[in-house]
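Colleague: Listed below are the residues making up each chain.
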Amino acid sequence: AQSVTQLGSHVSVSEGALVLLRCNYSSSVPPYLFWYVQYPNQGLQLLLKYTSAATLVKGINGFEAEFKKSETSFHLTKPSAHMSDAAEYFCAVLPTGTSGSARQLTFGSGTQLTVLP
Amino acid sequence: DTAVSQTPKYLVTQMGNDKSIKCEQNLGHDTMYWYKQDSKKFLKIMFSYNNKELIINETVPNRFSPKSPDKAHLNLHINSLELGDSAVYFCASSLLGGGEKNIQYFGAGTRLSVL
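Protein sequence lines, in the order shown, are assigned to chains E and L. Taking the working numbering, the leading residue of the first sequence gets 11, the next gets one more, and so forth. Taking the working numbering, the leading residue of the second sequence gets 21, the next gets one more, and so forth.
What the hints contain is simulated information worked out from the structure, not anything from laboratory work. No experiment lies behind these values; they were computed from the predicted model shown. Please note: incorrect hints may appear among the correct ones.
Far from chain E, some chain L residues (derived; all Cβ distances over 10 Å) [to be verified]:
no. : residue
1   : K39
2   : V80
3   : H97
4   : G129
Facing chain E, according to a computed beta carbon distance under 10 Å, are these residues of chain L, among others [to be verified]:
no. : residue
5   : V24
6   : S40
7   : K42
8   : Y55
9   : F62
10  : L63
11  : I76
12  : E78
13  : V108
14  : S114
15  : I123
16  : F126
17  : A128
By construction, the Cβ of each residue, glycine as well, lies at the ideal position given by its N, Cα and C atoms.
Here chain E stands alone, though its shape is the one from the complex (with noise of 0.2 Å):
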């Protein structure tokens, strides 16, 4: 069984410094791993995704994350924080093997990002 673990429920950084949310997973074998964020009172969007390509992702907004097998992790970064990134972010695990089957995608605890002035 997959798990996910985003350390920090809450992160608060300056506007223009770096973020970093940190994302560590557990599974047998690597998953697929994503990156969604939720602004106030709105739905999830897909901010970046691995799926056994590049190690290194872009995603939008400026966002980055970079799948590290041997450390089991996907942290996600962004060079330079905007007021506009103050929201919650997930990770979450999907996992790999036979086409055609049932896919449970299981989420982070999520982690709050607060951008202050």
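Dock chain L against the given chain E, drawing on the hints supplied.
Modeller: Just chain L now, with coordinates in the frame of chain E:
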């Protein structure tokens, strides 16, 4: 055009009532999901349908009954609502298969408040 749309966006009701939430997707996907997000923002899958067939059914009270009239629609009916049912319910859709086919796209959510 909204890819995954849910109605209503807000639902306020009394304990004991029965209510339904509707979901429609226009992405041509064959698989749809319902998730529940609790007050601590934790997201957990409830159900999944593939081509109108139930494929994921997590431990959910049987007061919750999903219905899929076709592969573009997945509705959630809740009987005898309880205070603990208050949450945000998200619908999602994807293709069923390997790789990027299974990327899930989410609706905006339905915020259910049971008084």
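Colleague: If a hint holds in the structure, say so; if it doesn't, say that too.
Modeller: Verification of the supplied hints:
no.: 1; hint: K39; in the structure: holds, 20 Å
no.: 2; hint: V80; in the structure: holds, 14 Å
no.: 3; hint: H97; in the structure: holds, 21 Å
no.: 4; hint: G129; in the structure: violated, 5 Å
no.: 5; hint: V24; in the structure: holds, 8 Å
no.: 6; hint: S40; in the structure: violated, 19 Å
no.: 7; hint: K42; in the structure: violated, 15 Å
no.: 8; hint: Y55; in the structure: holds, 8 Å
no.: 9; hint: F62; in the structure: holds, 6 Å
no.: 10; hint: L63; in the structure: holds, 4 Å
no.: 11; hint: I76; in the structure: holds, 6 Å
no.: 12; hint: E78; in the structure: holds, 9 Å
no.: 13; hint: V108; in the structure: holds, 9 Å
no.: 14; hint: S114; in the structure: holds, 8 Å
no.: 15; hint: I123; in the structure: holds, 6 Å
no.: 16; hint: F126; in the structure: holds, 4 Å
no.: 17; hint: A128; in the structure: holds, 4 Å
Checked against the numbered hints given earlier, this structure breaks hints 4, 6 and 7; the rest are met.
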